[in-house]
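**Q** Take the given structure of chain A and dock chain B to it, following the hints.
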Amino acid sequence: MTVTDKELEAFRREAAAWFEENRPPDPGFLLPESFMEVGSDDQFHFLRDWQNQVYEAGYLGMAWPTAYGGGGKPQALQDVATEEMTRLNVPFMMNTIGLNWAGPLILNMGTEEQKRTYIKRILNAEDIWCQGFSEPDHGSDLGSAQLRAVRDGEHFVLNGSKIWTSLGAHSKFMILLARTNPAANNKYAGLSYFLCPMDIPGVEVVPIRKLTGEYGFNQTFFTDACIHESCLMGKEGEGWQVAMKTLTFERGATGGQAGGHSRMKTDAADVLDLARRAKRDGKPAIEDPLVRDQMVQFLIEQKAIALNAERAGIAPLVVDRPASIPMSAKLVRSEFQRRLNKFALSLQGANAAYYMGDALAIDGGRWQRGYFNSFSATIGGGTSQIQKNIVGERVLGLPKS
Amino acid sequence: MTEIQQIKFSEEQAQLLEIASNYCRDKSPIAEVRARIETEPGYDPAVYEEIAALGWLGIAVPEAFGGSGLGLGEVVTIAEPMGRHLLATPFQSTTVAAQALLAAGTDAQKAAWLPRLCEGTVATVALTEPDGDWHPADPGCRAERIGDGLALAGTKTFVGDAETAALIIASVALDGQPSLVLIEASSLPETALQREVAIDETRRSCRLNLDGLTVPADSLLDPARAETGMHHIQMVQCLLLAAEMCGGIAGVLDVTLEYLNTRKQFDRFIGSYQSLKHPMVDALTGLEASRSLLYHAATVFADDEAGETAVRMAKAQASDSFAFASDRAIQFHGGFGFTYDCDAQLYRRRALWCEYQQGDAAYHRRHLAELLL
Numbered sequence: 027m028t029v030t031d032k033e034l035e036a037f038r039r040e041a042a043a044w045f046e047e048n049r050p051p052d053p054g055f056l057l058p059e060s061f062m063e064v065g066s067d068d069q070f071h072f073l074r075d076w077q078n079q080v081y082e083a084g085y086l087g088m089a090w091p092t093a094y095g096g097g098g099k100p101q102a103l104q105d106v107a108t109e110e111m112t113r114l115n116v117p118f119m120m121n122t123i124g125l126n127w128a129g130p131l132i133l134n135m136g137t138e139e140q141k142r143t144y145i146k147r148i149l150n151a152e153d154i155w156c157q158g159f160s161e162p163d164h165g166s167d168l169g170s171a172q173l174r175a176v177r178d179g180e181h182f183v184l185n186g187s188k189i190w191t192s193l194g195a196h197s198k199f200m201i202l203l204a205r206t207n208p209a210a211n212n213k214y215a216g217l218s219y220f221l222c223p224m225d226i227p228g229v230e231v232v233p234i235r236k237l238t239g240e241y242g243f244n245q246t247f248f249t250d251a252c253i254h255e256s257c258l259m260g261k262e263g264e265g266w267q268v269a270m271k272t273l274t275f276e277r278g279a280t281g282g283q284a285g286g287h288s289r290m291k292t293d294a295a296d297v298l299d300l301a302r303r304a305k306r307d308g309k310p311a312i313e314d315p316l317v318r319d320q321m322v323q324f325l326i327e328q329k330a331i332a333l334n335a336e337r338a339g340i341a342p343l344v345v346d347r348p349a350s351i352p353m354s355a356k357l358v359r360s361e362f363q364r365r366l367n368k369f370a371l372s373l374q375g376a377n378a379a380y381y382m383g384d385a386l387a388i389d390g391g392r393w394q395r396g397y398f399n400s401f402s403a404t405i406g407g408g409t410s411q412i413q414k415n416i417v418g419e420r421v422l423g424l425p426k427s
Numbered sequence: 004m005t006e007i008q009q010i011k012f013s014e015e016q017a018q019l020l021e022i023a024s025n026y027c028r029d030k031s032p033i034a035e036v037r038a039r040i041e042t043e044p045g046y047d048p049a050v051y052e053e054i055a056a057l058g059w060l061g062i063a064v065p066e067a068f069g070g071s072g073l074g075l076g077e078v079v080t081i082a083e084p085m086g087r088h089l090l091a092t093p094f095q096s097t098t099v100a101a102q103a104l105l106a107a108g109t110d111a112q113k114a115a116w117l118p119r120l121c122e123g124t125v126a127t128v129a130l131t132e133p134d135g136d137w138h139p140a141d142p143g144c145r146a147e148r149i150g151d152g153l154a155l156a157g158t159k160t161f162v163g164d165a166e167t168a169a170l171i172i173a174s175v176a177l178d179g180q181p182s183l184v185l186i187e188a189s190s191l192p193e194t195a196l197q198r199e200v201a202i203d204e205t206r207r208s209c210r211l212n213l214d215g216l217t218v219p220a221d222s223l224l225d226p227a228r229a230e231t232g233m234h235h236i237q238m239v240q241c242l243l244l245a246a247e248m249c250g251g252i253a254g255v256l257d258v259t260l261e262y263l264n265t266r267k268q269f270d271r272f273i274g275s276y277q278s279l280k281h282p283m284v285d286a287l288t289g290l291e292a293s294r295s296l297l298y299h300a301a302t303v304f305a306d307d308e309a310g311e312t313a314v315r316m317a318k319a320q321a322s323d324s325f326a327f328a329s330d331r332a333i334q335f336h337g338g339f340g341f342t343y344d345c346d347a348q349l350y351r352r353r354a355l356w357c358e359y360q361q362g363d364a365a366y367h368r369r370h371l372a373e374l375l376l
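If you read the protein sequences in the order shown, they are chains A and B. Add 26 to a position in the first sequence, counting from 1, and you land on the number used in my numbering. Add 3 to a position in the second sequence, counting from 1, and you land on the number used in my numbering.
None of these hints come from the bench; they were simulated from the model. From the three backbone atoms N, C-alpha and C, an ideal C-beta is built for every residue, glycine too. Fair warning: there could be bad hints in the mix.
[Stated by the list, open to error] In the EDC-like style, the derived pairs of lysine to aspartate or glutamate whose C-alpha atoms are separated by at most 16 Å in a straight line are:
| hint | chain 1 | residue 1 | chain 2 | residue 2 |
| --- | --- | --- | --- | --- |
| 1 | A | Lys426 | B | Glu187 |
| 2 | A | Lys356 | B | Asp285 |
| 3 | B | Lys11 | A | Glu152 |
| 4 | B | Lys11 | B | Asp306 |
| 5 | A | Lys261 | A | Glu180 |
| 6 | A | Lys368 | A | Asp389 |
| 7 | A | Lys198 | A | Glu262 |
| 8 | A | Lys213 | A | Glu262 |
| 9 | B | Lys113 | B | Glu187 |
[Claimed, not checked] A few chain A positions that, by computed beta-carbon distances, are all more than 12 Å from chain B:
| hint | residue |
| --- | --- |
| 10 | Phe72 |
| 11 | Glu152 |
| 12 | Glu180 |
| 13 | Val183 |
| 14 | Leu357 |
Chain A with its partners taken away, still in its complex shape (with noise of 0.2 Å):
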């Protein structure tokens, strides 16, 4: 199915003009800003119910079969819809993982039982989803998953722990990688996929609280909670496929997402409006000469990722070393946006030193859990220090530290 450009244009007016007139009232709290800082049942509730708002207007899973609840129309208007979300900032899709790690990943691979369970009920954000990959002991080290799934005929019981379970309070399902077989040839064939329910019996979410002092990520705990065998995503034994399977669904290397946006924009412009706001010295910290040259500096620097992600795709101009930009980019994107957001804090003040929850606290105290939270984006993933070694040594060819 194609569309014109005449076509995906008037939609994005149509679209544009939409999000511009039903993007929801100022909920009076400060929302999160993506769904692994879904912290309090107020922020839960309203992004629930916009997601569904957005869903019933029909912009989102727009491309997905109709059979299912899906739109069934050309991936070219979700993209659209999606850029025009982005673009006017209205709040995210909170059902992230539901939306483009597990929602693609049952279309792909489920069984036709699956899809009628499960795909509408993401898109509507009745059922949340969230993920068990990570665990205590193995950080990124997603094979050694060692939380135990021992078979009992039909069924299959659970014993372990997950972490940073983002929404794991709020959800209805997890997609889990548990260990069905320790003996098995090697560490990976052991391992199986489960769409996993959350409300049996031995499951339980205990909240960790963040250094911004809000709730969001949670450690899940499993005791003798029992499964059915029809929770195997695959095969038993075939958990590891099935997991990157999801990682290409979760890194955006494979289409088939539902769409729509999982977090909210804070970048260099939002930064030089606040620096428009601010005072010092009884005029706008804009008109102080050293702000204005950091605040170009962080222009040229953002300018220069958006620009590296475009040169990345053209091959002459990347031909000595073609994975630098990609390895190097979490690194230099997530240091950015911290040191964008240290540097708002410095452009406020006295009042820098306030914090959500005080009524002088600027824009809510945005600036001071988002400095926070970018330290979630320069650890998650890989420290940058570890990121470092990685790029020297993979794009430098420097030797093992």
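**A** Quick look at chain B alone, frame taken from chain A:
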């Protein structure tokens, strides 16, 4: 996606980049670079003839004037590998002079000079003055109408390749207005040019004493376009310097990586130490940012406003990144880095030259603040 393409890179550019990269690697091994420093005129005239024969001097000159009618986006693909291999020739000086003629020259001037420049005649521009101010809009050098001619006075500095140039384009104040004049080298008295001691020894530059010099009245470039012409010259210079610096960062990275992968201390290759490895990654990400900004600037150069923003960003980022990479190159070579024999100094000196010609990073950020904030 309807997003506007920020970097365009044509098949022609890709070919030129590959050809120029191979050419510069062949013609400018580091021993040759050092040998050229010690000899005059500081470059190999045979190489410059080849560069002319390859058509590189006329890339951004219209076909009507003997060029190939491409643009500065193509010139960048040649200037970058030249910087990487420290290949010194009057390519940059002559390219800038040709752009100055195109921006502000009269039809007669363009017809008289551009074909010659494309064929290998060296030309250069003279904007800077002894106070070192980067802002060229208000020249201290003067021109006065006397009879049929223009009597010139004052001193220009950092006139690149002046001793081999047949043509110098200088900025002067005429009737209180910034103006550009052509000076034929053949008209210069022997004492007019004085060699400067430049920090980058691969370059040749001179002070030019204009006192007592008279040029014909038709040496004046189009007065109506003099001011925009001077701005255009500075933007072209910044773009070429940014290209040269991007090449330089890549070059000094190679030199340093080679050392970190072969030098052992305490029984370990020193590149295995994170205190050296991590700053090398910072240098690499600086290179990537600089190159992305460079090829964006090359893409949008002709667009007045976006072009200026992009060029200043490219010059600022490359200045900082090259300074960092070449500074760390000296440090990471340890005691050897303190010697003249270590190649790190060649790049550090090049970086300093490029950084302080036509505005350093802070200077361009200040101008960007006016454009963006």
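**Q** Work down the list of hints and note, for each, if the structure agrees.
**A** Checked hints:
{"no.": "1", "hint": "A:Lys426 - B:Glu187", "in the structure": "59 Å, violated"}
{"no.": "2", "hint": "A:Lys356 - B:Asp285", "in the structure": "13 Å, holds"}
{"no.": "3", "hint": "B:Lys11 - A:Glu152", "in the structure": "45 Å, violated"}
{"no.": "4", "hint": "B:Lys11 - B:Asp306", "in the structure": "14 Å, holds"}
{"no.": "5", "hint": "A:Lys261 - A:Glu180", "in the structure": "14 Å, holds"}
{"no.": "6", "hint": "A:Lys368 - A:Asp389", "in the structure": "15 Å, holds"}
{"no.": "7", "hint": "A:Lys198 - A:Glu262", "in the structure": "22 Å, violated"}
{"no.": "8", "hint": "A:Lys213 - A:Glu262", "in the structure": "14 Å, holds"}
{"no.": "9", "hint": "B:Lys113 - B:Glu187", "in the structure": "14 Å, holds"}
{"no.": "10", "hint": "Phe72", "in the structure": "31 Å, holds"}
{"no.": "11", "hint": "Glu152", "in the structure": "32 Å, holds"}
{"no.": "12", "hint": "Glu180", "in the structure": "48 Å, holds"}
{"no.": "13", "hint": "Val183", "in the structure": "45 Å, holds"}
{"no.": "14", "hint": "Leu357", "in the structure": "7 Å, violated"}
The earlier numbered hints that this structure contradicts are 1, 3, 7 and 14.
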